[in-house]
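If you want the building blocks of each chain, they are given just below.
There are 2 protein chains.
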Amino acid sequence: MEKWRWSSAAHRLLRLCSNPLSDLRCSPKLQNSTPSGVLYRHEGTCEWIRPFIGQQKQHFGQRSHHLWSGNCLGETPGIQNRFFGATATKIERNSKFATLNSNDISYFKEILGEKNVIQDEDTLLSANTDWMHKYRGSSKLLLLPRTTEEVSSILKYCNSRCLAVVPQGGNTGVVGGNVPVFDEVIINVSSMNNVISFDKVSGILVCEAGCILENLISFLDNRGFIMPLDLGAKGSCQIGGNVSTNAGGLRLLRYGSLHGNVLGLEAVLANGEVLDMLGTLHKDNTGYDLKHLFIGSEGSLGIVTKVSILTPPKLSSVNVAFLACKDYFSCQKLLLEAKRKLGEILSAFEFLDEQSMTLALNHLEGVRNPLPPSLHNFYVLIETTGSNESYDREKLEAFLLSAMEGGLISDGIVAQDIQQASSIWHIREGLPEALIKAGPNYNYDLSLPVEKLYNLVEEMRTRLDNLATVVAYGHLGDGNLHLNISAPQYDDAILAQIEPFVYEWTSKNRGSISAEHGLGLMKANKILYSKSPAAVNVMASIKKLLDPNGILNPYKVLPQSMIH
Amino acid sequence: MEKWRWSSAAHRLLRLCSNPLSDLRCSPKLQNSTPSGVLYRHEGTCEWIRPFIGQQKQHFGQRSHHLWSGNCLGETPGIQNRFFGATATKIERNSKFATLNSNDISYFKEILGEKNVIQDEDTLLSANTDWMHKYRGSSKLLLLPRTTEEVSSILKYCNSRCLAVVPQGGNTGVVGGNVPVFDEVIINVSSMNNVISFDKVSGILVCEAGCILENLISFLDNRGFIMPLDLGAKGSCQIGGNVSTNAGGLRLLRYGSLHGNVLGLEAVLANGEVLDMLGTLHKDNTGYDLKHLFIGSEGSLGIVTKVSILTPPKLSSVNVAFLACKDYFSCQKLLLEAKRKLGEILSAFEFLDEQSMTLALNHLEGVRNPLPPSLHNFYVLIETTGSNESYDREKLEAFLLSAMEGGLISDGIVAQDIQQASSIWHIREGLPEALIKAGPNYNYDLSLPVEKLYNLVEEMRTRLDNLATVVAYGHLGDGNLHLNISAPQYDDAILAQIEPFVYEWTSKNRGSISAEHGLGLMKANKILYSKSPAAVNVMASIKKLLDPNGILNPYKVLPQSMIH
Chain Y
1 MEKWRWSSAA
11 HRLLRLCSNP
21 LSDLRCSPKL
31 QNSTPSGVLY
41 RHEGTCEWIR
51 PFIGQQKQHF
61 GQRSHHLWSG
71 NCLGETPGIQ
81 NRFFGATATK
91 IERNSKFATL
101 NSNDISYFKE
111 ILGEKNVIQD
121 EDTLLSANTD
131 WMHKYRGSSK
141 LLLLPRTTEE
151 VSSILKYCNS
161 RCLAVVPQGG
171 NTGVVGGNVP
181 VFDEVIINVS
191 SMNNVISFDK
201 VSGILVCEAG
211 CILENLISFL
221 DNRGFIMPLD
231 LGAKGSCQIG
241 GNVSTNAGGL
251 RLLRYGSLHG
261 NVLGLEAVLA
271 NGEVLDMLGT
281 LHKDNTGYDL
291 KHLFIGSEGS
301 LGIVTKVSIL
311 TPPKLSSVNV
321 AFLACKDYFS
331 CQKLLLEAKR
341 KLGEILSAFE
351 FLDEQSMTLA
361 LNHLEGVRNP
371 LPPSLHNFYV
381 LIETTGSNES
391 YDREKLEAFL
401 LSAMEGGLIS
411 DGIVAQDIQQ
421 ASSIWHIREG
431 LPEALIKAGP
441 NYNYDLSLPV
451 EKLYNLVEEM
461 RTRLDNLATV
471 VAYGHLGDGN
481 LHLNISAPQY
491 DDAILAQIEP
501 FVYEWTSKNR
511 GSISAEHGLG
521 LMKANKILYS
531 KSPAAVNVMA
541 SIKKLLDPNG
551 ILNPYKVLPQ
561 SMIH
Chain U
1 MEKWRWSSAA
11 HRLLRLCSNP
21 LSDLRCSPKL
31 QNSTPSGVLY
41 RHEGTCEWIR
51 PFIGQQKQHF
61 GQRSHHLWSG
71 NCLGETPGIQ
81 NRFFGATATK
91 IERNSKFATL
101 NSNDISYFKE
111 ILGEKNVIQD
121 EDTLLSANTD
131 WMHKYRGSSK
141 LLLLPRTTEE
151 VSSILKYCNS
161 RCLAVVPQGG
171 NTGVVGGNVP
181 VFDEVIINVS
191 SMNNVISFDK
201 VSGILVCEAG
211 CILENLISFL
221 DNRGFIMPLD
231 LGAKGSCQIG
241 GNVSTNAGGL
251 RLLRYGSLHG
261 NVLGLEAVLA
271 NGEVLDMLGT
281 LHKDNTGYDL
291 KHLFIGSEGS
301 LGIVTKVSIL
311 TPPKLSSVNV
321 AFLACKDYFS
331 CQKLLLEAKR
341 KLGEILSAFE
351 FLDEQSMTLA
361 LNHLEGVRNP
371 LPPSLHNFYV
381 LIETTGSNES
391 YDREKLEAFL
401 LSAMEGGLIS
411 DGIVAQDIQQ
421 ASSIWHIREG
431 LPEALIKAGP
441 NYNYDLSLPV
451 EKLYNLVEEM
461 RTRLDNLATV
471 VAYGHLGDGN
481 LHLNISAPQY
491 DDAILAQIEP
501 FVYEWTSKNR
511 GSISAEHGLG
521 LMKANKILYS
531 KSPAAVNVMA
541 SIKKLLDPNG
551 ILNPYKVLPQ
561 SMIH
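Sequence lines, in order, name chains Y and U.
FYI, UniProt numbering numbers position 509 of the first sequence as 509, with every residue one higher than the one before it.
FYI, UniProt numbering numbers position 313 of the second sequence as 313, with every residue one higher than the one before it.
Everything labelled a hint here was simulated from the structure, so no lab data went into it.
Among these hints, one or two may not hold up.
Any copy, or any two copies together, can satisfy a pair, since identical chains are not distinguished.
As the list claims (entries may be wrong) - Here are the simulated DSS-like cross-link-like pairs (lysine-lysine), alpha carbons at most 25 angstroms apart as the crow flies:
id	residue 1	residue 2
1	Lys452	Lys90
2	Lys115	Lys326
3	Lys90	Lys200
4	Lys90	Lys115
5	Lys96	Lys115
6	Lys96	Lys326
7	Lys200	Lys333
8	Lys452	Lys200
9	Lys314	Lys156
10	Lys333	Lys314
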């Protein structure tokens with residue numbers, strides 16, 4: 001991206017971004033190739049989550065985009081093993097599940113080979129623990145299948161023995177969906193990481209589930225295409241996990257959800273049967289489109305082993321603007337205008353409130369107020385991506401000029417180069433890190449109608465008064481609010497003010513209590529806040545139909561009482 | 001759209017479209033408001049399909065986009081009641097279904113009111129017959145519910161009585177999916193035609209299933225938005241039917257399939273239970289996304305009663321070019337270049353071969369050779385849609401210039417105004433009409449990998465030699481081939497050369513035997529050509545789970561042997 005300047009009219013109000021807003025070399029979003037540059041202020045390489053990465057580097061790649069700020073090897077006081085932000089539900093191990101015995105181990109070694117049957121304690125500790133140290137299971141066995149047939153053999157055996165399993169990919173989930181709750185056998189598909197085919201005419205990529213998202217992005221970049229999804233966790237997360245959790249991310253506004261982009265899947269059912277739904281067609285109206293059952297079902301209906309996905313061509317021109325709005329209504333109206341005037345080149349529309357900016361300034365090193373001297377009530381980050389640099393610039397300029405003249409924005413900057421664009425993105429993307437550094441935090445990932453989205457934030461502020469700071473930001477273009485309550489300490493009095501109010505409010509306004517993270521273990525019992533009893537009953541029936549013994553990722557997604 | 005001219009460089013090779021290519025006033029695609037202009041050469045208003053339209057005009061609107069060329073009121077020799085293009089399978093009425101009695105009629109009158117319980121013979125004849133007169137059932141009862149609750153009451157009753165039903169909307173399907181096979185009760189949702197809400201910030205429309213697509217397009221047009229799908233049948237087809245058949249259409253290349261655009265549904269299950277999945281959120285990861293089961297299941301799992309859909313903003317600039325390519329490889333390469341260079345403004349990429357053009361010239365009135373003097377091997381229609389007219393024109397011009405210099409196109413024209421654009425579209429959209437006028441026709445709607453798509457056409461030509469003319473065109477951007485075999489007469493010797501070869505070839509190349517039309521009655525027994533036995537088994541299990549008595553649209557979609 002070259003430097004560029006504004007016309008005189010726009011220049012009067014919108015300022016060029018002449019100084020870096022932070023001293024970060026590069027934001028995670030715009031720089032993929034320097035893992036050390038994106039592990040935020042860690043003193044060393046972060047291996048805490050799975051020591052076996054060292055042995056499996058060729059398979060696992062680097063975990064590059066954590067927002068974790070604590071000591072990698074130690075525990076973090078206050079949040080380890082605590083289900084914060086959700087009232088913990090006491091769960092008991094389902095006694096119908098068998099426990100591992102030596103015959104089981106022998107069988108797995110026979111079909112997978114000795115080295116792919118992991119019983120080492122350190123490795124298991126990592127595989128049992130989620131990356132935020134919120135959830136920890138006690139599995140005694142980690143299996144690393146290399147083929148669909150091996151996954152099938154494992155499941156067939158586990159089903160016959162009634163051994164519960166948990167499917168695992170990059171282990172980057174945040175709701176406890178991808179680690180064991182008790183002693184479930186962990187089936188990690190990281191070794192299944194081959195690209196199977198790529199059609200450069202149609203842009204259709206077919207690959208195994210264990211491919212790391214960032215590797216796929218690099219693969220496509222060399223061929224002039226991009227993945228239709230991009231996540232902060234791309235350095236570790238895997239496409240099978242992305243699909244299983246219906247990951248949202250930064251490009252959803254432009255390219256839509258995985259339900260639209262995934263053209264086909266291969267999945268293995270609980271009984272070991274391989275479901276070949278691996279179509280590579282834009283259009284296929286032959287029977288029920290079963291693949292959608294596996295997109296977002298968090299591994300509870302089957303283990304995704306292969307993915308076929310439509311990838312868009314890479315476009316050369318990217319621009320980033322950071323704007324100030326006086327109120328939430330202006331943010332909304334700006335979104336409408338951006339959709340209309342930037343139309344086909346709009347690729348991101350993010351927002352944050354004043355409290356978020358204060359947090360970033362206080363806790364993100366090197367971040368300075370991008371629109372001094374004072375703070376503004378709201379900020380919006382707009383990104384455009386298109387095929388013609390000069391047209392895109394002019395279009396963005398005209399849009400911003402009109403928005404200024406219409407009073408929708410009161411100040412703004414436009415990045416002049418990739419470094420400035422990265423610095424702007426870092427303010428938005430650094431917020432989870434800033435929140436963790438600020439102390440105890442109750443966080444909620446909500447979808448709400450855009451027009452009502454900020455009402456919840458204001459009501460929450462009224463409820464909490466001075467007890468805690470309410471910090472709100474998110475993907476406004478998608479109606480996705482990240483609502484955070486940053487408190488001096490975890491306190492049941494605070495939690496009682498937040499829950500069940502936050503879920504009830506979301507439910508009342510036909511929102512979703514999980515926009516992009518899934519339900520996992522954390523919210524399995526909350527599903528009725530977002531889905532009707534009739535719908536959940538059908539889900540439970542489908543679960544029982546496809547997994548009658550309930551061995552696949554038990555205790556997750558659906559209330560256990562409805563399955564057993 | 002204003003007139004515009006090419007730069008001198010482009011002008012040398014690409015010609016301005018100075019004369020209308022046909023004398024049609026407007027193609028169906030670009031002119032929605034003149035029903036009389038789009039009923040191709042009918043001598044009068046075509047009411048044959050449902051005389052009750054006259055009584056229900058406020059609900060049903062006009063059937064405006066038929067490509068039917070026969071006498072509206074009579075039969076068409078040779079194709080009426082003939083399952084052409086598919087070996088007919090003998091089907092027997094399932095004896096487990098009850099037959100209607102006077103108590104049933106009384107009950108329905110009680111819950112729907114007398115006038116919404118139709119037993120009139122003429123009306124029933126229309127509702128029993130598909131619009132191409134290929135399929136005809138013998139139902140004695142047509143019900144017109146006005147609310148979800150009424151649909152629920154009907155189904156609850158029918159399920160308890162084991163009365164089979166067929167859901168019906170605009171009755172524009174082409175595979176026999178929406179008319180009875182025997183005496184199934186017809187449930188037509190046309191009276192449920194209200195827009196429930198529209199959010200102009202998010203562009204999310206919520207409406208009842210019976211809304212006619214064209215009415216929704218008009219509704220949105222007034223508000224600066226468009227529907228993400230557009231079909232030739234838009235004047236009659238309804239959104240509930242579109243969703244139930246996962247309709248493709250003209251905008252799929254740009255906006256993707258309904259699986260990506262439909263945000264929520266309300267559907268009534270066979271037992272009358274109402275499934276509220278009517279989310280209005282871009283993101284919602286709470287449990288299994290059940291709505292996808294109802295998208296494309298052709299009314300066999302439930303009756304869709306409400307739809308929530310994401311609508312894109314309307315963009316002001318539309319350009320249309322019609323280009324000649326010397327071979328299929330050039331068409332493919334042109335597609336790749338168009339995706340890359342036109343990027344975000346590409347909205348259609350259609351192709352036709354020389355045989356298609358010959359057919360259009362011989363059978364479509366007023367159509368003249370658009371690129372004289374001789375014919376070319378292949379033609380490509382490219383449409384762009386964007387937010388800035390001058391940028392889009394320049395972008396298209398640069399793309400075309402580069403394509404010419406690269407030898408990908410040998411000649412071309414660009415529409416100067418909407419009439420010329422309409423004339424260009426009419427050549428492509430008039431082909432089904434031209435085929436019907438040419439005589440007996442075996443037609444197949446296939447999805448295939450783009451690179452292999454035309455190989456099938458060539459192999460078919462070799463197989464048929466001089467027996468028939470093979471005509472190929474379609475949505476190349478979507479990999480959707482419309483393969484037609486135009487023959488002097490329906491002839492089992494010809495059919496034997498086509499089938500099962502066409503299905504086997506499609507299956508071998510991992511294509512789909514139904515790209516956008518569905519399986520319906522015509523191809524219910526062919527599903528294994530496109531889906532694996534394991535997948536079809538799961539589909540059958542889901543059918544039995546949700547509709548244990550099999551009352552919903554029996555004999556369709558799945559082989560009956562797998563359900564009962």
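Checked hints:
1. Lys452 / Lys90: Neither, since 34 angstroms and 56 angstroms both go past 25 angstroms.
2. Lys115 / Lys326: neither (60 angstroms within a copy, 56 angstroms between copies)
3. Lys90 / Lys200: Neither: 51 angstroms inside a copy, 44 angstroms across copies.
4. Lys90 / Lys115: Result: close neither inside a copy nor across copies, 36 angstroms intra and 57 angstroms inter.
5. Lys96 / Lys115: Close neither inside one copy (29 angstroms) nor across copies (57 angstroms); limit 25 angstroms.
6. Lys96 / Lys326: Answer is neither; intra-copy 58 angstroms and inter-copy 67 angstroms both fail.
7. Lys200 / Lys333: Only across copies: Lys200 and Lys333 sit 10 angstroms apart there, 39 angstroms inside one copy, limit 25 angstroms.
8. Lys452 / Lys200: The answer is between: 13 angstroms across copies meets 25 angstroms, while 42 angstroms in one copy does not.
9. Lys314 / Lys156: Close neither inside one copy (41 angstroms) nor across copies (51 angstroms); limit 25 angstroms.
10. Lys333 / Lys314: between (29 angstroms within a copy, 17 angstroms between copies)
When each numbered hint is compared with the structure, violations occur for hints 1, 2, 3, 4, 5, 6, 9.
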